[in-house]
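Make a model of the complete structure from these sequences and hints.
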Amino acid sequence: MTTRLFGEPVARKEDGRFLTGRGRYTADFEPHAAHAAFVRSDLAHARITGIDTAAAGEVPGVLGVFTWTDLDGEVAERLPLLVPSDALVNPRTQHALARDEVCYAGEVVAMVVARDRYAAEDAAERILVEYEPLPPVVDLETAASPGAPTAHADMQDNLAGRVSEEHGDVDRALTAAPHVFGWRFVMERSAAMPLETRAVVARYDQTEDRLLIHDSTQAPTGVRFGLAMLFGMDTDRVHVVAPDVGGGFGQKVIQFYPEEVLVPWAARRLGVPVKWVEDRRENFIGSNQERGQIHDVRVGVDDEGRILGLEDRFLHDTGAYCSYGLILPIITAAQLPGPYRLENYRYELRSVFTNTVPTSPYRGAGRPHAAFVMERVIEKVAGELGLDSLDVRRRNFIQPDQFPYHVGVTFQDGGPTVYDSGDYERGLDALLAELDVERTRTELADWRRTGRTVGLGVAGYVEGTGIGPYEGASVSIDPDGTVSVATAHGTQGQAHETVFAQIAADELGTPLEGVRVTTGDTRRLGFGVGTYASRTAVVAGNAVLRAAQEVRRQAASVAARILEVAPEDVVFQDGSVHVAGAPDRRIPLGRLAMASNPTRYAFGRDAEEGARLSQLAYAGGDRPLPEGSRPGLAAVEYYSPTSGVFGFGFHGAVVEVDPETGEVRVLRYVVHHDSGRVINPMVVEGQIHGGVAQGIGGALYERIAYGPEGQVQNASFMDFLLVSAAEMPRIEQVHTETPSPNNPLGIKGVGEAGTIPVSAAIANALSDALGVPVDRMPVMPEDVLALVRAAE
Amino acid sequence: MTGAVDITLLVNGKTYTGRAEPRVTLADFLRDELRLTGTHLGCEHGACGACTVLMDGRTVRSCLLFAVQAQGHDLATVEGLAPAGGAEGLHPLQEAFHRMHALQCGFCTPGFLMSAYELLQSNPRPTEEEVRTWLSGNLCRCTGYQNIVEAVLAAAAEPEPEAHQ
Ligand code: FES
Ligand code: FES
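In order, the protein sequence lines correspond to chains A and B.
Take this note's numbering: the last position of the first sequence gets the number 1999, and nothing is skipped along the way.
Take this note's numbering: the last position of the second sequence gets the number 170, and nothing is skipped along the way.
Since the hints were made in silico from the structure, they are not lab data.
Note that the structure is predicted; figures quoted are calculated from it, not measured.
Check before you lean on any hint, since a few could be wrong.
[Unchecked claim] Listed next, the in silico SDA-like pairs over lysine to any residue satisfying Cα-Cα at most 20 Å (straight line):
1. A:1220 to A:1773
2. B:19 to A:1229
3. A:1220 to B:94
4. A:1220 to B:19
5. A:1220 to B:100
[What the hints assert, rightly or not] Interface residues of chain B toward chain A, partial, derived using beta-carbon atoms under 8 Å:
6. 36
7. 47
8. 76
9. 77
10. 78
11. 110
12. 140
13. 148
14. 150
Ideal Cβ positions, reconstructed from N, Cα and C, are used throughout, including at glycine.
Below, the structure written as structure tokens:
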């Protein structure tokens, strides 16, 4: 038998081009296209009273200068709301170019297109915008208070939307509980910072009325449908390609960023290819951010720390606009219970406008906040009652026989939150064994006696992954035997070319090298949704399986006719089919592909043989293509899950604080992780490494610092410290596999898992080390020093 | 093009000539004029290392140099790292990055390869600590660095072939 590739740590197919400098990122296309540059508001809130573009138009090489008044049709309207919701009281999105009011520093006010980037930026500098400043509201809690300045001049308050839900009876539970505590938890702004910034290249062919766009996006299909509608073009005249994308982490899945509309619009208007590559400063002020929540929790427990009731009232900072609706805080609310049974749980969330960069999902997407709140609650309950927090966790776990488990609140997809499978006790045990927790605790006690400030923190999470609506896959076999797979979502380093090849190769009995995978090109597959929410391997992976199964069925039926056996007796192996028990009666897959397409005419070298086979295939039939069959070996199939599938894990961190400098060193970082069956363990481990790094960065180094007037004050890699190799500890991993019963492959998503519990684990470890509660994230050295002082 | 000048560069052992304004950065010139797009731009302010190339054997940030400043120097980019001739051949560093899964989106990879190349030239047997410190000038947002560090250590343990210089 061909060795099964599913589950094997096979090296990646996509690496070759990246290692040799032959990757194709959006900025690599059209080196001599005209370039767009944008003028962005430097005020967080103001009315535009005038724009003088005259001097810009005189810069040599300028092809066009545009403000809102130049926009036409739908493009002049506010951009679409990506995720509508009835609970949104003020569904406000921005204009592609600000019309008369700017609501965050960074909002696009004008666009220049010139022969190259240098000229475009020269001209952009000469545009003079006159503003009448309006009072900005920057701080989340202030924005939510009555009488606060409003982020939008025409609104009465800053409420974007509000949702509340209750499972059980929280008031009764809290009244009856022997102990009730109230705590506040805060997470500040951060951002995804993909190393490749956003970029768009658009070409418009006037003769054919066709638009082709390369976009560094996670979701090319949506951009395509949306642009066709905005421009009033037939969908089949618009194509969007997400080529190699240099990281996304959620930031590249907004529909739309203004530039994604304006660059293609300018290409149509000017009749030349137009390109825009965001610079890093623009990424800090013009690309979406996340985190930013304040939670006020009341929890009632019994003497053993069993949670009897929990209420969470929280604020979510949506920034200046809310194109992502209420998705982020809803995820937080749905995922807050994590691995714990909350029989009485109520949340009330308010999503609030501020004059800051809009927010949308960044790796973890509302879940790091949820894990932070819940795991701090567990730890603090244990502290108050003098219990071991590990025991408190165990007492509150959902038990293996309780699955499928209904959390009792609505999930991000609008359906009920139902965990498909899990074994949390086993996960925690696996972590503790890897951590060698008893030895670690002894070691920490010894270190403390020598004066070191060290601590251990543990945190768990449950992550809903693999949500719908659907993904598709096209699988076909070429005459040279290559299995060609195409999916429609973007890919940003998750090894989709490899893992989908593993799935297709197993099904069709070909070696990995015999499969070629294309992602994110609407010319290859038009229907799909996008890469986000740790969903792609699950949803598109199962679509690949289905399409490959259909192609296998077709191939088996053609082979059965040629070999004169039943389709069940056709064996797929090593890129060929043969008769079971008679390996020399074999046909290579490429020949079979030719045989399936009775064109009569010979093409290419092997065509004669193919034509002979196709005659054999249909000998005795009444027509060349039997009724019900199609030419070629090709299928497009879709997979739509009934609901999300829920991965889980536990992290353990050992930290040391330098009380003089406030520096925190992570001495050990141990990860337990369970995402069901694993397609490629090497890729899963890599996803965890990257996720943890973003988590540690987010916990200890990365904070978007807004000044009181609403400008980002650390908008460069000099001032916003991305975690580097020097700070990262070596990550230790242990895995369990609790398969999902909800999909044929038994898999769950893993993309965001690494990030979710890190802030919680670090906060618990720091609280342990310092002896004071750490209920606010991130904790930068100056915050640590303040905590050290508080402890004294 | 106003004020454009001829610029001749020696890159990966090959002489290239193009025209550009004196203010065009080395990175833009390599990418747009010479079509060597393996050199990437992640910040354009000298902080991320994605644009790292070698000039006379030492790493430089090509976003911080003008192309005209690089005339008369010997440049090497990621495209020249694999041994000459072998189409399939990879440099041991590239080979190790592949084997150890030291890249995900691949955007930072050329910069890491060039920095690691310089490290192994000057310190063929670095410790893990030395590798981490050396590479702290290159940012990666995908891998958490662990496999990059492993890959450099693995490549260091191998004999060095002739690089295409
Ligand atoms: S692009 Fe040159 S250092 Fe970042
Ligand atoms: S692999 Fe994506 S930035 Fe390093």
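Against the structure, the hints come out as follows:
| no. | hint | verdict |
| --- | --- | --- |
| 1 | A:1220 to A:1773 | violated (35 Å) |
| 2 | B:19 to A:1229 | holds (18 Å) |
| 3 | A:1220 to B:94 | holds (15 Å) |
| 4 | A:1220 to B:19 | violated (30 Å) |
| 5 | A:1220 to B:100 | holds (13 Å) |
| 6 | 36 | holds (7 Å) |
| 7 | 47 | holds (5 Å) |
| 8 | 76 | violated (19 Å) |
| 9 | 77 | violated (23 Å) |
| 10 | 78 | violated (19 Å) |
| 11 | 110 | holds (3 Å) |
| 12 | 140 | holds (5 Å) |
| 13 | 148 | holds (5 Å) |
| 14 | 150 | holds (4 Å) |
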